[in-house]
Amino acid sequence: MSFDVMDYFRQETLPHIWCPGCGNGIILRDFAVALERLNYPRDEVVIVSGIGCSSRAAGYLNFDTVHTTHGRALPFATGIKLANPNLKVFVIMGDGDSSAIGGNHLIHAARRNIDLTAIIFNNNIYGMTGGQFSPLTPRDKKATTAPYGMIEQSFDICRLAEGAGATYVGRATTYHNQLLTQLIIDGAQNPGFSLIEAVTHCPTSYGRRNGMASPSDMVRWQKDNAVWIDKVRAGKAEVKDGQFTIGLLHRHEAPEFTQAYMEVIKRARGQE
Amino acid sequence: MRELAEVRLMQGNEACVQAALDAGVRFFGGYPITPSTEIAEGMAEKLPALGGKFIQMEDEIASIASIIGASLAGVKSMTATSGPGFSLMQENLGYACMTEVPCVIVNVQRGGPSTGRPTAPAQGDVMQARWGTHGDHPAIVLSPWSAQETYTLTVKAVNLSERFRTPVILLMDEVVAHLREGVRMPDPRQLKLIERPRPQGGRENYRPFGGALDEVPAVADFGMGYRCNVTGLVHDDVGHPSGSPQVTNDLIRRLSGKVEAHRDEIIDYELTQTGDADMVIFAYGSTARTSLRALKLARAQGLKVGMIRPTTLWPFPEKAIEEVAERGIPILVPEMNLGQLVLEVERIAKGRSLVQPLSRVDGELFNPDEILEAVKELKPVKSRKSSKKEGI
Numbered sequence: 001m002s003f004d005v006m007d008y009f010r011q012e013t014l015p016h017i018w019c020p021g022c023g024n025g026i027i028l029r030d031f032a033v034a035l036e037r038l039n040y041p042r043d044e045v046v047i048v049s050g051i052g053c054s055s056r057a058a059g060y061l062n063f064d065t066v067h068t069t070h071g072r073a074l075p076f077a078t079g080i081k082l083a084n085p086n087l088k089v090f091v092i093m094g095d096g097d098s099s100a101i102g103g104n105h106l107i108h109a110a111r112r113n114i115d116l117t118a119i120i121f122n123n124n125i126y127g128m129t130g131g132q133f134s135p136l137t138p139r140d141k142k143a144t145t146a147p148y149g150m151i152e153q154s155f156d157i158c159r160l161a162e163g164a165g166a167t168y169v170g171r172a173t174t175y176h177n178q179l180l181t182q183l184i185i186d187g188a189q190n191p192g193f194s195l196i197e198a199v200t201h202c203p204t205s206y207g208r209r210n211g212m213a214s215p216s217d218m219v220r221w222q223k224d225n226a227v228w229i230d231k232v233r234a235g236k237a238e239v240k241d242g243q244f245t246i247g248l249l250h251r252h253e254a255p256e257f258t259q260a261y262m263e264v265i266k267r268a269r270g271q272e
Numbered sequence: 001m002r003e004l005a006e007v008r009l010m011q012g013n014e015a016c017v018q019a020a021l022d023a024g025v026r027f028f029g030g031y032p033i034t035p036s037t038e039i040a041e042g043m044a045e046k047l048p049a050l051g052g053k054f055i056q057m058e059d060e061i062a063s064i065a066s067i068i069g070a071s072l073a074g075v076k077s078m079t080a081t082s083g084p085g086f087s088l089m090q091e092n093l094g095y096a097c098m099t100e101v102p103c104v105i106v107n108v109q110r111g112g113p114s115t116g117r118p119t120a121p122a123q124g125d126v127m128q129a130r131w132g133t134h135g136d137h138p139a140i141v142l143s144p145w146s147a148q149e150t151y152t153l154t155v156k157a158v159n160l161s162e163r164f165r166t167p168v169i170l171l172m173d174e175v176v177a178h179l180r181e182g183v184r185m186p187d188p189r190q191l192k193l194i195e196r197p198r199p200q201g202g203r204e205n206y207r208p209f210g211g212a213l214d215e216v217p218a219v220a221d222f223g224m225g226y227r228c229n230v231t232g233l234v235h236d237d238v239g240h241p242s243g244s245p246q247v248t249n250d251l252i253r254r255l256s257g258k259v260e261a262h263r264d265e266i267i268d269y270e271l272t273q274t275g276d277a278d279m280v281i282f283a284y285g286s287t288a289r290t291s292l293r294a295l296k297l298a299r300a301q302g303l304k305v306g307m308i309r310p311t312t313l314w315p316f317p318e319k320a321i322e323e324v325a326e327r328g329i330p331i332l333v334p335e336m337n338l339g340q341l342v343l344e345v346e347r348i349a350k351g352r353s354l355v356q357p358l359s360r361v362d363g364e365l366f367n368p369d370e371i372l373e374a375v376k377e378l379k380p381v382k383s384r385k386s387s388k389k390e391g392i
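Top to bottom, those sequences are chains S and A.
All letters in the first sequence, in the order written, are residues 1 to 272 by my numbering.
All letters in the second sequence, in the order written, are residues 1 to 392 by my numbering.
The hints are simulated quantities; they were obtained by calculation from the structure and are not laboratory data.
Do not take every clue at face value.
Stated by the list, open to error - Have a look at the derived ranges for each label pair, beta carbon to beta carbon:
no.: 1; chain 1: A; residue 1: 246; chain 2: S; residue 2: 189; range: 41 to 47 Å
no.: 2; chain 1: S; residue 1: 159; chain 2: A; residue 2: 131; range: 40 to 46 Å
no.: 3; chain 1: S; residue 1: 251; chain 2: A; residue 2: 131; range: 28 to 34 Å
no.: 4; chain 1: S; residue 1: 11; chain 2: A; residue 2: 131; range: 54 to 60 Å
no.: 5; chain 1: A; residue 1: 245; chain 2: S; residue 2: 41; range: 38 to 44 Å
no.: 6; chain 1: S; residue 1: 189; chain 2: A; residue 2: 252; range: 41 to 47 Å
no.: 7; chain 1: A; residue 1: 135; chain 2: S; residue 2: 232; range: 27 to 33 Å
no.: 8; chain 1: A; residue 1: 263; chain 2: S; residue 2: 271; range: 33 to 39 Å
no.: 9; chain 1: A; residue 1: 195; chain 2: S; residue 2: 41; range: 47 to 53 Å
no.: 10; chain 1: A; residue 1: 323; chain 2: S; residue 2: 11; range: 53 to 59 Å
no.: 11; chain 1: A; residue 1: 215; chain 2: S; residue 2: 144; range: 40 to 46 Å
no.: 12; chain 1: S; residue 1: 225; chain 2: A; residue 2: 119; range: 53 to 59 Å
Where a beta carbon is used, it is the ideal one built from N, C-alpha and C, also for glycine.
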């Protein structure tokens, strides 16, 4: 397939603000490829983001875009989707954005199973503010606010979303970027709340403090520590300490919120 | 949809619901909180039959976020809360100011700070309604004194939010919210409703955040094809983030300027027997109801008392105070707080009139007698003429 990825960007807003070696651009390209394949009418796509490095992505994309407040992208997106269910709403959030300040909104968006596709740029750190630990920073890793190592246990945001009721949950990395594109496509087509965790690399604020100073070190770490869920399920691989699974991690069917609300409208009008 | 004018016995909160529906509100996101909950309940019941949407969000932060989102999708939107929830909404209230998203936030005031007195009336959120969110920003705040006026001002709040592309706050209090009285509602088809300015031309020339200091730029609904970027960062006229001092200055001044330049369209107040008065009461909300009773008692005793009752608290009705201060007559400002709007009255009076605060913060309404007593103790400041003579 050949297409001009730049067609999906507001070219006057480039170059982006991300550091050299950042993985966010890879995710953004994968997202653009997914949008190309999904082939939605462009004017029906809305992209909502929170606050942080990853959330700057929305402003670069040539759609209706909203860069909201820290942690609150999902409730903004909920309002947009419920007000106009014809819109295809994607939500871009970072790990701190979605799981700390926005953690409550995440579990409730998942619980409602509202038809949003959330893409979590997980770089395991607060990058924009210079490297503080997030709920997704692994134990013992260093951050500016954990200079002696992280002592809290971290979230597995995929299991969190699954437990809260998300009907489609997957994880990929910036190394496994074709998988990422496919998960975004499938998540968008899932009629309900979909969460795709995109493990990305932040050499500037995370890698340098944790023995992976170069972007290639970090991408190699992803390659070496990501374990395909299919292999685990088939008993052909196991997840060792510090490793994580990738692929389609969870899927189930449940009523979608905006569709369920259409039934409420029918009931209120006495049509059933 | 109602199709006829009618009079109905309603609570203030119920009147708010009916007015919002009549004014075209079709999205409500909220979270239960006393004493505003009846508004959410009414919306949950009535919106679906009109094809509107109600959602109970996980907290008040999410509630205001949801209505901003719905408004971006082109739907007139509202939330309702009370003090603790209003505090939680402040960040996104500023976001709506910054991104010029029309929406209405109802705050039914109760005793604060903190959890305070959930079922008692108060007027302690007057300054928070003006300055609660950080940074310089416009504020339009309306405050009704009756169920009837709750209807009228709710319609006005929706209209002003659309007209000026900015959040509008309806500041009620617990007594007005729960008081039941007859409300005369017009045929909704006769209501004058305002729709936000929407763009006419092509995408190339679309400037959703551009314009002169007093201008309200047109805004496209998401899905219309204008592909707009909305951000709480300082942004240029097309919506891209900017660090330019010039862009920053122009934006911050225009956000307030578009409201300040049209004060006369927004500000409304009622004058009662101020013409011959040699002292006035300045009161709003349920305090004004008690004040009117005190005025009548005073007049019966031969005291020439008048009343200024603002229904617009912000922008502050400066002209109303100016006219009284010109005459040098004293002003009593009873409030169910430790003295908030009285500071604005003093600012405008500039020492020409005696400005006397009267506070109640015990969760009880004022008693007409205590206002009457306070009126009797008012002493006029020396008239401007006599002070000139002193100068000579």
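Quick rundown of the hints versus the structure:
no. : hint                         : result
1   : A:246 with S:189: 41 to 47 Å : 45 Å, holds
2   : S:159 with A:131: 40 to 46 Å : 43 Å, holds
3   : S:251 with A:131: 28 to 34 Å : 48 Å, violated
4   : S:11 with A:131: 54 to 60 Å  : 40 Å, violated
5   : A:245 with S:41: 38 to 44 Å  : 39 Å, holds
6   : S:189 with A:252: 41 to 47 Å : 43 Å, holds
7   : A:135 with S:232: 27 to 33 Å : 50 Å, violated
8   : A:263 with S:271: 33 to 39 Å : 47 Å, violated
9   : A:195 with S:41: 47 to 53 Å  : 25 Å, violated
10  : A:323 with S:11: 53 to 59 Å  : 57 Å, holds
11  : A:215 with S:144: 40 to 46 Å : 44 Å, holds
12  : S:225 with A:119: 53 to 59 Å : 56 Å, holds
In the structure shown, a violation is registered for the earlier hints numbered 3, 4, 7, 8 and 9, in ascending order.
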